[in-house]
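Enquirer: Single-letter residue listing:
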Amino acid sequence: MSPRARTLVYVVAAALAVALVLALPLGEYLVKLLLQAASYAIAVLGLTVLLGYTGQISLAQAAFFGLGAYGVALGTTTLGLGFLAALILGLVVATLFGIALGSSTLKLGGHYLAMVTISFQQILTLVLTNWISVTGGPDGIRNIARPHLPGIDFENNQVYLAACLALLFAVGGLVALLKSRRLGLAMQAVRDNELAAGVVGINTFRVKIIAFALSALLGGLGGGMFAGAFRYISPDQFAFDDSVVLLTMVLLGGVEAAIGAAIGAGLLILLPEWLRFLKQFYLAVYGAAVILIMVFLPAGIWGLFSRHRVWKPAAPIGPLELDIEAAAGTLLSVRGLAKHFGGVRAVDGVDLDIAQGSVHALIGPNGSGKTTLLNVLSGIYRPTAGSITLNARAVAGLAPHVLAAAGIGRTFQNIRLFHSLSALDNVIIGAERPGSGIAHRAAATARALAALGFVGMAERAGELAASLPYGHQRLVEIARALAGHPVLLLLDEPAAGLNLTEKQELVELLKRLRGHGLTILLIEHDMDLVEQVADRITVLNFGRHIADGSPAEVLRHPEVIAAYLGEVPSHEAA
Amino acid sequence: MTVLLQLLFQGVGIGAVYALVALGFVLIYRATNVVNFAQGQFAVVGAYGMVVTTADLGLPYWLGILITLAVMALFGALFNLGVYYPLRNRSFLPVVISTIGASIFITNIILGVYGPEPSMLAPMLDAPGISLGNLFLDAQYLTIIAVTLALVALQYLFFEHTLLGKRMQAVSQDKEMASLLGIKVGWMIMLTFIYSAMLGGIAGILVAPILFVSVGLGGQIALKAFAATIIGGFGDVPGAIVGGIAIGVIETFGAYYISVPYKDAFAFIVLFAFLLLRPSGLFGEKVSQKA
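These protein sequence lines are chains A and B, in that order. First residue of the first sequence? That's 1 in the working numbering, and the numbers climb one at a time after it. First residue of the second sequence? That's 575 in the working numbering, and the numbers climb one at a time after it.
So that you can see chain B by itself, here it is in the shape it has in the complex:
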């Protein structure tokens, strides 16, 4: 029983990271109908932001986080201008390939500067964690879960209870209509990219102390986050969160009970099953073609 709970705790913790990246995916997808294959690199940039500020420059942790978030915001804006904006009127495929190009670009810039050796990052809190009987709740995992919960709550309040949030929702539902109502669609999309990059950055900041920081991090996180969005139902915000946590739990249990080398395969096997049996996911994106 203890083992079960311990695994569940760790699964939810890592799943929360997937959920944050998945959330970034979904927000960009809803605003632009584009699947951003560089979403995982957002997390990598965030993690390296922490390496640069706290490990290399020796700044305090809180300042490192603030600087990294500011950099992420700028990064999201540049990403929009360089990768999405020039292709905004083209079909799905060129934009997807362009985001893949961006992901190769970002990965190799970081690889060129930092090399393939992973960097280590100190945990956020000094306390190691809390013991509950035989159960040990690691402080970093607790932080991840708490931050994710807080972000999800904030995001809900923002989208449902502020005018800006409602404008952004309007853009994601019908760009043409939104622009006729005087909403500046280009700016709303810009904001979406900025926010989504910051979400990815936060995921990177949170996950950096658990996993070694390396460029390889991005690809794996992104693919699992993508899997999470499909399991949850493409384009669905609660679905992305549930899907992310589900993937984290599944792979943690799979690694413990079935096979460690195939840990990364479980997410994809579950994904395959969903795609073939229930492509609309748990919460269902409605897809229909009109003649």
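Bound-form chain A, shown alone:
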């Protein structure tokens, strides 16, 4: 089915479901359950974006749910606003807190992030309970208003439920669409490999803040609808335990797809009803169920049904546009560059000039600082001292995504692909780097396919990156860098782990790239390969450069031979 047809089916199905809810005699009790499920599902969709797409944990979704709910409650009662104005107030507050919480991800991740969100959740619960003059304290707020629209009777629970469902379908559709959009791909890139995401041009911090903001917004939206649905709220409905419930919902339903949020919310609202015969032990069974889900259903219920469909590209693949209007001269110039880790001088005063259009090899024994130098050049580390000039622009100490936008592309020694995305999506993310001159998805896809074609991987564009064999993953990683139309390509041991045939193919690939005038800085241990492709070689040892020149000169240099073979250099012996 084409995307357009799928959207149409979705809209028709949504309209049918809403019409059914309006038409069927559901009974007051079921309507209440469904109201709860629908408003929770909207909040859970926030976690789909945050946890599922972006890989950031939050144990505070109930807090955002509560902020939205209290926005509507206080807005329509104390402040005397209409429902919509009150809802917007709640959403603004929730989103602002979401952004504030997201800012903490600049420094923190993993269990620290879990802790920040728990703290936020706890403090909010304490404030809602104890700030009695505003929130009404533990007694909560009554008589919350619903929207007024001429001709629609929102006072009828079933009509309000239909509105909630329509909103859920709308939000769910948008969250599903987001996944394949530029922002959605960027989020998944951050989740799969944050370091690589920065290097291909994604502002990872910004993406995480947006994810937190969206998640808080949807949490608040669900909470606002919840407050209108039940017209009474109290702080205990938005406590830490409820954040855990929301998190469980997204994991149970399936964290990867928007539909998982609906499955999880529906099931966990209904499950206690089904478990009611267990009386006071039903929550214990619920806790055990959470463990069992984690053990046996890592991808949630939806994960049982979704498979990555492997496909082959149908359209003819165009040639890859690589050529740069080459001005002769020096592209990259490094002066006195140093990177110290505490007392360790990993890079200690290196000078390096890379000529436009040349293949420049960086060699040296293990631990000589090659990869550290590359990490400084690509912005992963900030230099301790020294300057880096790219095309006459000072770029030392800039963030990885800024350097990517300036045209530096790279690969990693230990391959860093976005493993849960297809090869093509990996390369599309590369093609969409800021400054690549690509404006829309069709162009990015065409360029990504061309890049895959250039490295000989077009046939496998539709396969999951993680399922590709090692050598092919290397090629996809190179294609990802090439798709960004770099002015300088940094390759960190591209031949490592390749067999003889693959190495020869790599040599051919590097020669073709050189033929297109692309400037390459290459770290490599394989001297045979280096001799075949390099125009110039720089040798590092103990963080300092010990030789520089053409392959023939450098490989005869006594200090280089000493560094590699461990002889005592003559000047020290003397």
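Fair warning: there could be bad hints in the mix.
As the list claims (entries may be wrong) - If you want a taste of the chain B side facing chain A, the calculated C-beta under 10 Å gives, among others:
no., residue
1, 626
2, 668
3, 670
4, 673
5, 675
6, 677
7, 686
8, 687
9, 797
10, 804
11, 830
12, 832
13, 835
14, 839
15, 841
To be clear, the hints were calculated from the coordinates, so they are not data collected in a lab. C-beta: ideal position from N, C-alpha, C; glycine also.
Starting from the known structure of chain A, arrange chain B on it as the hints suggest.
Expert: Relative to chain A, chain B alone:
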């Protein structure tokens, strides 16, 4: 001045409980890289162990403690097998969620059996405490501080001066290397869970006479112990102890001088400040990512 010292004494006493739970956190984290969100429930199980043995069955206190510790050891082993072991090769998040599931499970089993009403437990010693001028040192608080000090000393001796302790340290530093050296990694992790559950149990036994015993106890203690580990520096043993005592003192002073209803907020506000300004804590976990 008396008030100040009195508050300090009580803060250190309650902080010692946080420190014990925090220590359990840190040991499991170091051995498995997993943050155990059910650590507070360990204390609850310990406290209820005392309720069952001494209040319900009428056993003497010392026997109640022995039985409770044995139960905690078994509990730690079962926890490892049921919650951590099946997920040991997965990423951080599934294991965290699994421990949260375990915490819900334990809480509600106890809630199902004992109901929400808190139970009371008699103090450990008959003597009420010692008076030093205007300062009153409650016997239970003194016991807590003494037991914590003794445990910390024992633990230090164990980890630094016994082969088993060194093996456990090796596992926490590099599982692969440790297993290549013939250390049975699975067993070391098992021991860690058992010991950590017993630490949590001891915290519960100690704190039970001061606070009412209820299932709600676990969540609050666990969150504060977690806060303590971050303030001290994640994964750092002395840090967990200092952090725990710091949290106890801060909230005791905060409750007295600022606000009682917001007593529980102080720990989190301090935690926020640390996370944003000095995430590596007082003693610093070294975090770096290698390309």
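Enquirer: Indicate, hint by hint, whether the structure satisfies it.
Expert: Status of the hints after comparison with the structure:
| no. | hint | in the structure |
| --- | --- | --- |
| 1 | 626 | 18 Å, violated |
| 2 | 668 | 5 Å, holds |
| 3 | 670 | 7 Å, holds |
| 4 | 673 | 9 Å, holds |
| 5 | 675 | 3 Å, holds |
| 6 | 677 | 7 Å, holds |
| 7 | 686 | 4 Å, holds |
| 8 | 687 | 9 Å, holds |
| 9 | 797 | 6 Å, holds |
| 10 | 804 | 6 Å, holds |
| 11 | 830 | 17 Å, violated |
| 12 | 832 | 12 Å, violated |
| 13 | 835 | 4 Å, holds |
| 14 | 839 | 5 Å, holds |
| 15 | 841 | 8 Å, holds |
Taken one by one, the earlier hints fail for this structure at numbers 1, 11 and 12, listed in ascending order.
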